[in-house]
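There are 2 protein chains.
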Amino acid sequence: MHSLQFTAESSSNGMIERDFTVGDVPGVLWSPASGAERAPLVLMGHGGGAHKKHPAMTGRAHSLVTGCGFHVAVIDAPGHGDRPRTAYDEQEIAELRRAQAAGEPEGPIVVRYNARLAELAVPEYRATLDALQELPEIGAEGPVGYLGIAMGTAIGVPLVAVEPRITAAVLGLMWPDALFEKARRITVPIEFDLQWDDERIPREAGLALFDAFASKEKTLHANAGEHVAFPRFEVDSAVRFFARHLGRAVTSPA
Amino acid sequence: MHSLQFTAESSSNGMIERDFTVGDVPGVLWSPASGAERAPLVLMGHGGGAHKKHPAMTGRAHSLVTGCGFHVAVIDAPGHGDRPRTAYDEQEIAELRRAQAAGEPEGPIVVRYNARLAELAVPEYRATLDALQELPEIGAEGPVGYLGIAMGTAIGVPLVAVEPRITAAVLGLMWPDALFEKARRITVPIEFDLQWDDERIPREAGLALFDAFASKEKTLHANAGEHVAFPRFEVDSAVRFFARHLGRAVTSPA
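In order, the protein sequence lines correspond to chains A and B.
For the first sequence, full-length UniProt numbering begins at 1 and goes up steadily by one.
For the second sequence, full-length UniProt numbering begins at 1 and goes up steadily by one.
One should not assume that every hint holds.
The list makes no distinction among identical chains, and a pair is therefore deemed to hold if it is satisfied within one copy or across any two copies.
[To be verified] When the alpha-carbon atoms are kept at most 25 Å apart in a straight line, the in silico SDA-like pairs for lysine to any residue are as follows:
hint : residue 1 : residue 2
1    : Lys53     : Thr21
2    : Lys216    : Arg203
3    : Lys216    : Glu234
4    : Lys53     : Glu234
5    : Lys182    : Gly225
6    : Lys216    : His227
7    : Lys53     : Ala102
8    : Lys216    : Ala205
9    : Lys182    : Ala94
10   : Lys216    : Glu9
11   : Lys216    : Glu204
12   : Lys182    : Gly69
13   : Lys182    : Trp196
14   : Lys182    : Arg18
15   : Lys182    : Ala8
16   : Lys216    : Asp236
17   : Lys216    : Ala87
18   : Lys216    : Leu135
19   : Lys216    : Ala229
By construction, these hints were calculated from the structure, which means they are not laboratory data.
Between the sequences and the hints, there should be enough to build the whole structure, so can you do that?
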C-alpha cells in the first residue's frame, strides 16, 4: 500500500489546495481554509481529455468545500493531466479525433476507451481513498461521496459498484453500454444527470442507465439542451445532495 | 373586476398569514413576518381533494417565504376547501371513489374532472393575480411564479399557457392527456417532477408531458418511488428554482 505524499500547498478563495501523490498517481485535495476539522470526503472524477485541476473540478470543489465544509479529492485518470500517455492512449485518442472529424459516432470509441481507463482507475481510486482516510481530518469512519460526470461516470459506476465506503454518488452524461451490469449492483443514493437534447448520447440510453441503478433512492435530473449545455446549477444541487446523504448542513447558500 | 378583501390575519413560524376573498373565491396569502417589503409572488395550486391550507401548501409556503422572502398565495379550487361542491363535483368524486374501490384506472376520471376544474380555475387565478398585484408589497411589475403538483398541474399548465405574467413554473405528477396542446405553448422556465415508479401515471406519459413544453430552459426531476413517495427535498429545489428565475437570493439554507 502506498501512502500519501503531499507535494505542494497553497490557499485561495476559501480553500486550502494540497497536491499529492499516491504511488505514481497525482491528485489534489481541497479542504476548508478554516482548518482541519474532520469532515466527510467527496471524491471526484474528471472528464475525458481534462485533468484534476480543470476548471470544472476546481469549481465543483469550491462549491463543496465552501458550501458544506467537505474535503474534496480528485486524481488524474490514466493518460490524463500529469500522467504519461501510453501507445494505447495515443491510438484511441487518434481514433476518436478521426471519428469526430469524419462526423462518425464517437460513442463506441469513448465507451471502449473509458471502460479500459476505468479498469485501471478503480484500484487507483481505492488506494487513494485508503491513503486519504489516514489523514486525521478525514479518518476511516466518515461517509464518502463520489461526483463524476461523463468520463467521471465511466470510472465512477464501476468504482461505486465495488467500493462500500462510497455511500452516495452524483453521476451522468455517459453512454450506458459498458455500465449496465455494474449499475445494477449499486444500491446507494444516486443523483443522475442527463441532457434531454444530447446530440451524442441518445435520450433513451441515458434513461436506461438511470433505470438500471438498484438504488432505492435515486433522482434523475434531465435538463433541456445539448451535451455541453449541462447547467451550472446542477453543481449546487449536487452540494445539497451530498449535504443530505453525508450528513452536513449547507452553511453557505449559493 | 373584484378587489381583494382580507378576512383574517395571523402570524406564526416566520410568516404572516392573511385569508382573503376575490369575489366568492377564498384564498390565503403568506408573507415574510419581517414586513411588507416588495418581493416577487409565487402562486400555488393545491392537489385534488385538498385545499388552500393543506399541510403541503403551508409547508411549501413556509419554504418559499422564509427561504427567499417571497409572497405566496393559493386559492381553493372549485368544489374544494371552503367552496361548495356542485352536483357535477359530487358525481365525479363518486365516480372516482367507485373506480378506486373497484381497482379500475382513475386516470380517465381525474383527467376529465381536473380539465373541467381548470376551465373554471384559470380565470379565477387571473382575477386573483390582478387583485394581488394591487397590493403595494406585490405590485404589478414583479415577476410571478407558479407552483402546483398533480391537480395543481392540471390547473397550472392551462394557466401558465395563457398568463404572460407568470415567468417560471414548477409542475408535475399529472396525466398529460388534457395538457399536451397547452404545454406546447409554454416557453417560460419549467421544473417538472415525476415519480419514476408511479403506479398511477405511466412513466412514458410523464416523460412525454415534460417533452411537450416548448421552454428552452426546462428540468425534469424524476425520483425513484411510487406516486405518494414524492420527496420533500423537491420543495427545497423549487425554492432554488424560483430564486434563480424570480431574482431573489436564498437567504436561509434549508
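Exercise. Looking at the structure, which of the earlier hints fail to hold?
Worked result: 7, 9, 10, 12, 14, 15, 17, 18
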